[in-house]
Structure formats: structure tokens, C-alpha cells
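Engineer: Each chain is listed here by its residues.
Number of protein chains: 2
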Amino acid sequence: MSKDQEFLPVAGGGLLDRRLFLKRSLSFSTAVLIAPNVLADTEDTRSAWMQKPGAPFSNYGQPSPYEQATIRWTMGNSMAPGNGVSWTPLHKLEGMITPSGLHFERHHNGVPKIDPKQHKLLIHGLVNQSLVFSMDDLLRYPMQSCYCFIECGGNSNAAWRSEPIQTELGYFHGMASCSEWTGIPLRLLLAEAHVKGRAKWLIAEGADAAMMNISLPLDKAFDDCILAIYQNGERIRPEHGYPLRLIVPGWEGVVNVKWLRRLHLSAMPTMARNETAKYTELLPSGKARQFSFVMEAKSLITQPSYGYKLEQHGLYQISGLAWSGRGKIVKVEVSADGGKSWAEAELQSPVLAKCFTRFRLPWQWQGQKAVLKSRATDETGYVQPERDVLLAERGEHGYFHYNAIVSWEVSAEGGIRHVYA
Amino acid sequence: MSKDQEFLPVAGGGLLDRRLFLKRSLSFSTAVLIAPNVLADTEDTRSAWMQKPGAPFSNYGQPSPYEQATIRWTMGNSMAPGNGVSWTPLHKLEGMITPSGLHFERHHNGVPKIDPKQHKLLIHGLVNQSLVFSMDDLLRYPMQSCYCFIECGGNSNAAWRSEPIQTELGYFHGMASCSEWTGIPLRLLLAEAHVKGRAKWLIAEGADAAMMNISLPLDKAFDDCILAIYQNGERIRPEHGYPLRLIVPGWEGVVNVKWLRRLHLSAMPTMARNETAKYTELLPSGKARQFSFVMEAKSLITQPSYGYKLEQHGLYQISGLAWSGRGKIVKVEVSADGGKSWAEAELQSPVLAKCFTRFRLPWQWQGQKAVLKSRATDETGYVQPERDVLLAERGEHGYFHYNAIVSWEVSAEGGIRHVYA
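Quick note, the sequences are listed as chains H and L, same order.
Adding 54 to a residue's 1-based position in the first sequence gives its number in my numbering.
Adding 54 to a residue's 1-based position in the second sequence gives its number in my numbering.
Simulated from the structure, these hints should not be mistaken for laboratory data.
Careful, some of the hints might be misleading.
Since the list gives no way to pick one copy over another, a pair counts as held whenever it fits inside one copy or between any two copies.
To be verified - In silico DSS-like links for lysine-lysine, alpha-carbon gap of 27 Å or less:
| id | residue 1 | residue 2 |
| --- | --- | --- |
| 1 | K167 | K274 |
| 2 | K174 | K363 |
| 3 | K394 | K341 |
| 4 | K274 | K382 |
The following block holds chain H by itself, in its conformation from the complex (with noise of 0.2 Å):
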């Protein structure tokens, strides 16, 4: 294939093929040109850190200075200062992991100061044993690690308004952020209680002032859930659910207990406020939406996004991030003009299931208005709707499981809007 073929667009709007970085180089025409004569002194320059010996080591460290721009946005309630969120950055993070003092939070009444030698997780209800353990117990259980997102029920519910909103990515849809989890599969601990054959749910309870409390149905929590201990390699924070957490990779966040302190196996959902008054749902047929858990296929670019501005005509590098609570990511599409053609991204490798998927894909700007999009495919052949199909499906006047795809319309001089197109 010759350059000038290389640089056919596979799309509209100036999408190139995936594998072309790939392959070679490309003269991004960013860096300064430098004669001969002017090199010499360009070498010499040593900026003021160089000058003197630096910072000491650190026993933990923290974030540069310069980066006090990139935290978590908090949104709390003035009339209970622990109930509300905080939102991760994604527009400000590459990768695929959130690190951990950037993963978002939703807190009922705020965040316990949890003595581990205190805490104990007990296990009861319709079980033959009922089972009580403290956290030295449970560090002798076998574990597993596993990457997974979670998404709160709750994000993007700003799409849903009738005015597209004009914030930066992170403040809108980031209520979703992805860790490893290590800790214990729940069925080793479960069996140990000898479940009784009627208990068909779970009941998980968190040791926060709210008594934060989901019902789980028990065959997810034979499946895949974890009584993760660590995230990210250290023992998890504890804003993140210090020190035990109930991991269901795919679902909501909601049902992610943090603080866990009781697991009641029941024949029945126990109905809590969190899953009648809020993450239920009524349909333009009449008919409510509960227990719908599974957070489905979902992208978003974050780079370029609201917030950004393209300074120069050239190439870019569109980035994103998929993920499904079905399990992989098989496809990203990445529409340059509003979604009349279509290019499909690269995805990084390694691909997981219920995992943040990051994807990128090179585009050439030379100041034509487009509007970006993307759209995921998961393994079960399910793919992101456009707004007004999930709008048609759900209603006006939504709040939860938004994860229609987002546009956003670059301008002639190079700012992005957020759109419904």
C-alpha cells in the first residue's frame, strides 16, 4: 500500500484505518524544526530543576502538584453532607485503569472510619451453619483477582435531559470507573454456610450509618462475585468500602456493598428503598423496570471531548472507552459525521470482560465541522443504541442505565460542543 492510499479515509469526516500507526510513522507536524545553528544552544538549556538536588523519597506518594486540575468532582448535598457523589475524570485519564484515589464514589451517609481488628462479616439467614468472620478469618480464604468497571445505575442521567449539557465528560458520565479487584470468590464462603435449597437471594449489607442494603438473586452470587479485600494491589480505600466490598462485575454499582458486614440468605428480596424507590423505573407501557442489574454496552470518546480544543489542522488521535456488563468488548465504531459512516476503532489489548476497553483510532482534522461518535458491540451482539431508539424504548423521562452513544460537534475553529445528533 503506497502513503498516499495509507491516508485514504475508511469514513466520512476523516477517519483513517485503525492499524495505520501501527505500521509507520506520520509527520504530526507538532514538534519544532531545528537548524543547525540554534541546535547547539537547545542542547545547553538546563531549566531550573536541574540546577539543584531534588525532593526526597516519599513513603507513599502522591500526585504532581501540576495535576491539582485532575480530581474527583464532588457533589454533595448541603442538607446531608454524606449523601451524593464524586464523579472520575475520564476525560483527564488514558488506560484502562482508574486509579484508586480517582475512582468515583456514591455514599449514603458519608464514609466510616472502619477499625478492621472490629469489623466482622456474618453470614446467615437460610443457611444450615451461620457463619461469623473477622477480617484475619477471611485473609486466609483463597482469592482471585478480576478487572471490572463499575458503573453507578445513575450516570450519564444528565443525558436524559432535553438540552444536551455542557460539562466536561468526566462530570456527566463519570460515575464509572475500573479496578482489579482481589478477594474472595463468594461461593467458597457461601458453601462453608451450606445455603438452604429455598433461599433464591442474598441480602448484603453494608456498616455504614445508612445500613446500605441490595438484594443480590443467588445465582449471580455463585457466579462471578467477589468479597474483594484489595483494589488495585493495596488493601481498598476507604471510600471504596474499607475493608471488605461486594464486587458483582456487571451490575450496577448499588449492589457493590461497601463496608460489608452482613450477607442474609432469603427466599425473597428484602425490597429496600434502593431497589423500589430509587434504580425502579416506570416505562411509557405502564410497567416499572426493577432488578434490571445489568449495565449494558456502553462508549464514550473521551478524547477528544468538551473541554478540549483542537489547536492545529492535522492528525489526531480519537480515544475512548467501551465496556459491558455482559461480558467483552468485540467493536467499537467511530463515526467522524454523526454517524452516516462508520470506522471501527483499535482495541487495546488485553480485551476483558466487564472491563473498561479502551479504543483509539487516528483522524485527520483540517477544520471540516463533524460531529463524533462511538458505538460498542459486546460479545452478546448487543450494540449501544442511539438516543432516540433508547429514548423510544424508555421514555422522556428516564433516569437510570443511560447508555445511548454521545456526540460531540467540533467546530470549524476547533471547539467541541455536546450535541444530541
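Assemble chain L onto chain H, guided by the hints.
Structural biologist: Chain L only, in chain H's frame:
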């Protein structure tokens, strides 16, 4: 297979089949069994932290105050406080990722506080076009992610001593850590500078006050090196090279130059201090080992290890880490009888090249004296050597590239000691 058969050891000293925990539940005899008449009381117990609202949201999270023992152990030089190392507490961690705050450090003159708006990368020497890049320029380039370990060439050097050191594992093997690194494939920038045919080496230099530099063969630079901007999802931490680090997957830590400011293309290596006075060793033959870049296959049992105590008889899970600078780990064997017999451990998926791989194996300990070892094999067929084999090849007075098998002796009381066995 009957229950009794499953418990038949697969190797001496009580090692059990690696799939045992995957197939069925087992009693670890650690939980307290609760009689019905005390269950009601246990259910109603509410801890102090459930009686009042918890802490508010945070913009950037931190570990629990109860985990303050999980820190990097720093070892500086009082005459030159910015010269030394800090160690990853591998014995306290689980899973594959090292949290960035606990990734090991090796500095020669401290951690520079670099303003990313002023930082530049220069590519010069045997090129047709010298180039200089700002960080904003670099952020336009296509990125890739790779999970890889970085291990200092001097890691584990206490194991060259004639007597086995008695200290927590992370504090003598913890100059090895593993992250997701995201950045620009180096070959893209080299091709843009049009490297001349007679260039064979690349001299990389950091922007610290020591102006740390190293020589890298150009083949490796064109292979899988990355100019990393992100670590574990966020911008690289200052002590790991903010804002730009050269990542050389699988090669000794010193070549992964932090605070990268210059890449000089050259026909010959620069013969810097760190490739002559250091990182070079005299062999028993009288020849010197120099430019021994690749970190050979290695493994460590992290739990249990020195500092742990087995408090009860019964089932345990042995857990550890393996890695190879040559590619993927294909097998980790564990011995509980000092190397007389071996059983194959379960490898946690995904198993990635030049990356930490977590291995685990069930073990039944009934008070028997045991010597635990692990032995890694990589995809080239290389097998991690016993200590006496390594010393026969490399001499008694080595300092770098120690990768022999590590042995833990378990006493009848459950105490654990480091031994040469």
C-alpha cells in the same frame, strides 16, 4: 473425583491441586460457627462507625489510616539525601498492579519538580531532522498502553550475602513494581526525526539534577519502547518521571529513564557511569558482564513469607508473583519440601508479557516443617535457577541481576524464616 481424592497431595509437604478452590468449597475452619441462640445478638451489634455519619467526599482519595504500615521503606544516604531507593512492600500487596504511591523509587539526586509547560524533549544526534517537543505537542501523538514490570538491576542484591537476610520480602526484593503505562510508541518519534543509517544507539537523558543518562541499542528503541505520559490511568507521579518517562519493557530499571529530556542518536554507547562503574559485574571467568539489559525470569512467594505466622493448622493459599523480561510466564511451580517435589500453581489471568503474573496454590499445613519455594518458567523455556546454580555461574560477589529461587522455612510453630536451601 471423590472428596478424599481431591485432598491427595500433588507434591510433598501438603501441596494440593491448583484447581481445588476453583471446583468446590472447603472448610477453612476459621469462621466462628454461631449457635442459633446467640445469632440474634450478633445480628443486632452495631459498631461505633454505624452510629454517626461518616466522613465527607474527597477530591483525591488516600489509604485507610489503619494501613499506615503499608508504605515504601526508604533507604537514603545521609550525605546525599536524594540518592537512594524506596521499596515496594510486595509482602503486603495482592493482585498484579502496584499502586503508583507504592511503586519503588531509585533516584540519584532527588525528585525534580518539573513544570510541564516548560518541559521539552529534544531528539538529536544522528538524525536528518532534530526535533524538539513540548508536552502539549506530545499529547497530540497516538498512544498505546502496556502493562509491564520495572525491576532495578540491583534488586534482591542482599541475597548475594553469605547469610540469608531476615527481613520482610518487599524490603529486599521490592525494587520491582508493575503498572499500566500509556504513552507514545518511541518508533513514531524516531521515524519523524529520520534516524541516519549509522546510528546504532540511543542515549537517553533525564531532567533531574544528576542528568541521569543511559545507552540503549536502537533495535530495542524501535521495538516496544514507549514514551509514557500516564501511569495507572493518571499522569505519571513526580517520583516516577513526571511528565515523561522512557519505558523499556522487560529491561533493567536504570534504562527506564525518568523526566526524559533528550534522546541522542549515536553510533556508539556513551559509556556513562551507570554502564561502566555500575550495572557491570566481573564474572568468575575474569570477563565482565556489561549491558546485561534483560531481567531474567524470577518468582517470589509473597504470602506467606518472612514476618507472617501461621496461627492455625489447616488450609492455606500460597500466593506470589512471577515475571520475565523475555515475555510471558508459562509456568510457576511451588515446592513445600525444599525442592524435592513440585506442584504447578494456578496463574491469574490475564497473563501478559513482561508483566507481573500472580500465582496461587492451595496448601495444607498440619504443623509439618516445610521449606517453600517457587520456580518460574517463561515462554522462551528459561527456568529460574536455584541459588547455587546462579552463584556457580556468576560468582560469590555479584551485585546485579539476582533472580535465583527464594526459600522460606516454616517451623512447627508456624514461624517463617528466610533460608538458603
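Engineer: Please go over all the hints and tell whether each is borne out by the structure.
Structural biologist: Checked hints:
1. K167 with K274: neither (29 Å within a copy, 48 Å between copies)
2. K174 with K363: The answer is between: 21 Å across copies meets 27 Å, while 51 Å in one copy does not.
3. K394 with K341: neither (34 Å within a copy, 66 Å between copies)
4. K274 with K382: Answer is within; shortest intra-copy Cα gap is 18 Å, inter-copy 32 Å.
The structure shown violates the earlier hints numbered 1, 3.
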